[in-house]
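Visitor: Chains as they are written, first to last, in my numbering: chain A, 1 to 441; chain B, 1 to 172.
No wet-lab data here; the hints were simulated from the structure. Some clues are possibly wrong.
To be verified - Below, a list of computed lysine to any residue pairs in the SDA-like style, where the Cα atoms sit at most 25 Å apart:
no., chain 1, residue 1, chain 2, residue 2
1, B, K98, A, Q230
2, A, K183, B, L168
3, A, K102, A, D61
4, A, K248, B, H154
5, A, K177, B, P58
6, A, K269, B, L128
7, A, K316, B, L168
8, A, K183, B, L128
9, A, K108, A, S77
10, A, K177, B, E166
11, B, K98, A, F247
Keep in mind the model is a prediction, meaning the values are calculated, not measured.
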Amino acid sequence: MIIKKIKPGFIIVILSLLTISAPARAELTIDITLWLDNATRIAVVPFEWRSPSRIPLKMTDVISADLKRSGQFAPMSEADMIELPHASSDVNYASWRNSKMKYLVIGKLHSLGRDAYRVQFQLLDVEKGSQVTGHSFQATSKQLRRLSHHISDLIFEAITGERGAFDTYLAYITVTKDRKGQKRYRLAISDSDGYNEQILFESSMPIVRPAWSPDGKKLAYVSYATGRPQIYVQNIFTRQTQRLTDFKGSNLSPSWSPDGRRMAMSLSKDGNAEIYIMDLSTRKLHRVTRSYGVDIEPAWFPDGRSLVFTSDRGGKPQIYRQSVDSRGGVGRAQRLTFDGVENLRASVSPDGKRITMVHNIGGQYRIAVLDLEADQLSILTEGRLDESPGFAPNGGMLIYATSAKGRGVLAAISSDGRASHKLRLQQGDVREPAWSPYKQD
Amino acid sequence: MVIRNKLLIIGLLASFGVACTTTSETSSDAGGQQDASTDSRDTAQDQGAINSNPFDDPSNPLSQRVVYFGFDSDSIKPGDRDIIIAHAQYLSANSSEKVVLEGHADERGTREYNIALGERRANAVRQLMTLQGVASSQIDVVSFGEERPIAIGHDESAWGQNRRVEILYPSH
Chain A
1 MIIKKIKPGF IIVILSLLTI SAPARAELTI DITLWLDNAT RIAVVPFEWR SPSRIPLKMT
61 DVISADLKRS GQFAPMSEAD MIELPHASSD VNYASWRNSK MKYLVIGKLH SLGRDAYRVQ
121 FQLLDVEKGS QVTGHSFQAT SKQLRRLSHH ISDLIFEAIT GERGAFDTYL AYITVTKDRK
181 GQKRYRLAIS DSDGYNEQIL FESSMPIVRP AWSPDGKKLA YVSYATGRPQ IYVQNIFTRQ
241 TQRLTDFKGS NLSPSWSPDG RRMAMSLSKD GNAEIYIMDL STRKLHRVTR SYGVDIEPAW
301 FPDGRSLVFT SDRGGKPQIY RQSVDSRGGV GRAQRLTFDG VENLRASVSP DGKRITMVHN
361 IGGQYRIAVL DLEADQLSIL TEGRLDESPG FAPNGGMLIY ATSAKGRGVL AAISSDGRAS
421 HKLRLQQGDV REPAWSPYKQ D
Chain B
1 MVIRNKLLII GLLASFGVAC TTTSETSSDA GGQQDASTDS RDTAQDQGAI NSNPFDDPSN
61 PLSQRVVYFG FDSDSIKPGD RDIIIAHAQY LSANSSEKVV LEGHADERGT REYNIALGER
121 RANAVRQLMT LQGVASSQID VVSFGEERPI AIGHDESAWG QNRRVEILYP SH
């Protein structure tokens with residue numbers, strides 16, 4: 001049995017940074033609407049738990065749900081498992097081959113006393129009858145959920161070769177009505193599966209467009225707290241908040257540069273909405289666009305040398321690309337979208353090869369992906385008013401806002417459009433999602 | 001240069017607008033304040049007004065404080081010009097009055113584009129008002145995009161009511 005020893009305490013240190021002060025809530029629930037026909041069959045066997053006390057978390061449920069949500073895996077249900085091995089020496093490979101499993105995950109959860117646990121797992125290749133990977137960790141009960149997502153990431157990467165994005169956050173806005181019918185807007189984050197919701201900011205005035213800093217530690221957002229839209233930045237761990245803009249008009253569309261030093265934004269201080277880049281250390285503004293139309297919703301390419309943005313300079317809103325340097329815009333903007341009545345709110349895939357955007361086709365607003373090399377557009381969704389698309393940090397999934405039964409919900413879809421799931425609130429609307437970058441701790 | 005000339009023209013038009021309003025008796029009556037003399041109150045009643053406050057008098061254009069727009073458009077509809085001009089004349093005759101032009105959009109399109117679109121609508125109203133001689137310091141513009149709909153619905157009858165600019169007097 002080969003189990004890679006990770007430095008003891010490694011995970012503990014990382015996770016303690018993440019323990020956010022507010023009480024954990026689980027308000028988002030998930031509905032998986034379809035998944036791939038050719039999804040990889042995997043059995044995640046419940047981990048051994050020998051202590052007479054209650055198991056602190058059924059980690060294998062979290063791992064199975066993660067793998068299923070990706071659309072790339074079809075985890076076996078526990079009820080269908082004939083044997084529940086916890087060590088590779090106990091695995092009867094022939095039996096798992098008979099149930100057509102390609103991979104098997106087995107492991108153990110031990111209590112070390114005083115809220116400390118050891119978690120061991122192994123990923124086994126059923127056909128080869130051998131181990132693919134294995135790890136051992138130590139964690140507190142509070143850290144077991146995050147550790148489950150981390151294990152999902154390790155399994156996902158070992159099998160697909162692509163980095164997993166389960167141990168990430170979602171940021172979003174919720175809107176509920178109080179007893180008097182007054183709207184409450186909340187800026188919230190949760191784990192990528194909707195658990196552990198944390199409210200970062202709450203207001204009776206609208207909040208829009210949360211945007212993650214590249215290190216995943218800060219969120220920029222637009223709040224009407226002063227009566228008009230202004231850009232704020234909040235550290236999600238310390239909750240320290242600062243207002244970044246105080247210009248007249250609308251201050252919208254914050255988007256951090258890939259190096260985290262600059263922020264693109266749309267300001268209407270000079271009459272109509274134009275794109276600017278703010279140097280975050282000096283607060284100096286560099287103007288990027290000069291057009292008669294509305295220029296809004298900038299998003300960076302990963303090399304930090306150009307932006308996509310929405311402009312209606314040609315009549316209807318379409319997506320343009322503009323080169324930028326430290327002084328602002330360089331050269332002319334190039335129009336990227338020609339299909340559809342309108343195209344809005346683009347964001348760029350982590351590899352810079354695709355953009356996703358809201359695509360108006362016949363009055364229906366849908367999420368589309370444009371392959372920039374092949375110049376090929378794919379429409380991924382079938383909603384009436386789908387909004388706010390953005391890529392997961394591995395580019396494999398997209399998150400967006402849609403509606404279901406008259407309520408705003410979040411939906412995630414694989415970037416090939418073949419698997420999707422929805423996250424909804426018990427009550428009220430959830431909208432404006434933004435998938436966090438990889439955690440850097 | 002171009003911008004300078006434009007400003008000059010706006011300036012000329014604005015002073016013309018002021019001249020118009022100050023010589024127009026009816027419009028300053030229409031814009032009369034609540035503490036107006038009994039005489040003007042009688043005049044208002046003679047004209048068939050139910051209420052002396054022009055903002056509550058349905059026959060007075062000042063009672064209309066919402067103008068509506070077409071899809072993805074910031075063009076003021078011909079029928080709404082008179083409403084905006086009446087407010088502009090009231091404001092230029094009452095230079096201490098302030099107005100907030102609140103822009104709104106329907107739910108279609110993205111939230112931030114709709115904020116920009118609502119702002120463009122409010123700016124179109126602002127421009128017509130300043131052409132009538134209202135000082136820009138009297139006008140504040142704010143757009144809520146699609147965040148504050150009047151009508152909840154997903155069809156043109158709801159959308160049409162939501163694509164609007166509200167003319168709000170904070171002091172009233």
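Visitor: Look at each hint and say if it fits the structure.
Guide: How the hints compare with the structure:
Under the criterion of a C-alpha separation no larger than 25 Å, the hint pairing K98(B) with Q230(A) is consistent with the structure, at around 22 Å. For the hint pairing K183(A) with L168(B), the CA-to-CA distance comes to about 21 Å; that is within 25 Å, so the pair holds. Between K102(A) and D61(A) the CA atoms are separated by roughly 19 Å; this keeps the pair inside 25 Å, and the hint holds. A distance of roughly 32 Å separates the Cα atoms of K248(A) and H154(B); the hinted pair therefore is violated under the 25 Å criterion.
With a CA separation close to 33 Å, the supplied pair K177(A) and P58(B) exceeds the 25 Å bound. Using a Cα cut-off of 25 Å, the hinted pair K269(A) and L128(B) holds, with the two alpha carbons roughly 19 Å apart. Restraint check for K316(A) and L168(B): not satisfied, since their Cα atoms lie roughly 30 Å apart, outside the 25 Å limit. For a cut-off of 25 Å, the pair hint linking K183(A) to L128(B) is broken: about 33 Å separates their Cα positions.
At most 25 Å may separate the alpha-carbon atoms for a hinted pair to count; K108(A) and S77(A) meet this at roughly 19 Å. A hinted pair counts as satisfied when its Cα atoms are at most 25 Å apart, and K177(A) with E166(B) qualifies at roughly 23 Å. A C-alpha spacing of about 20 Å is found between K98(B) and F247(A), which places the hinted pair at or below 25 Å, so the restraint holds.
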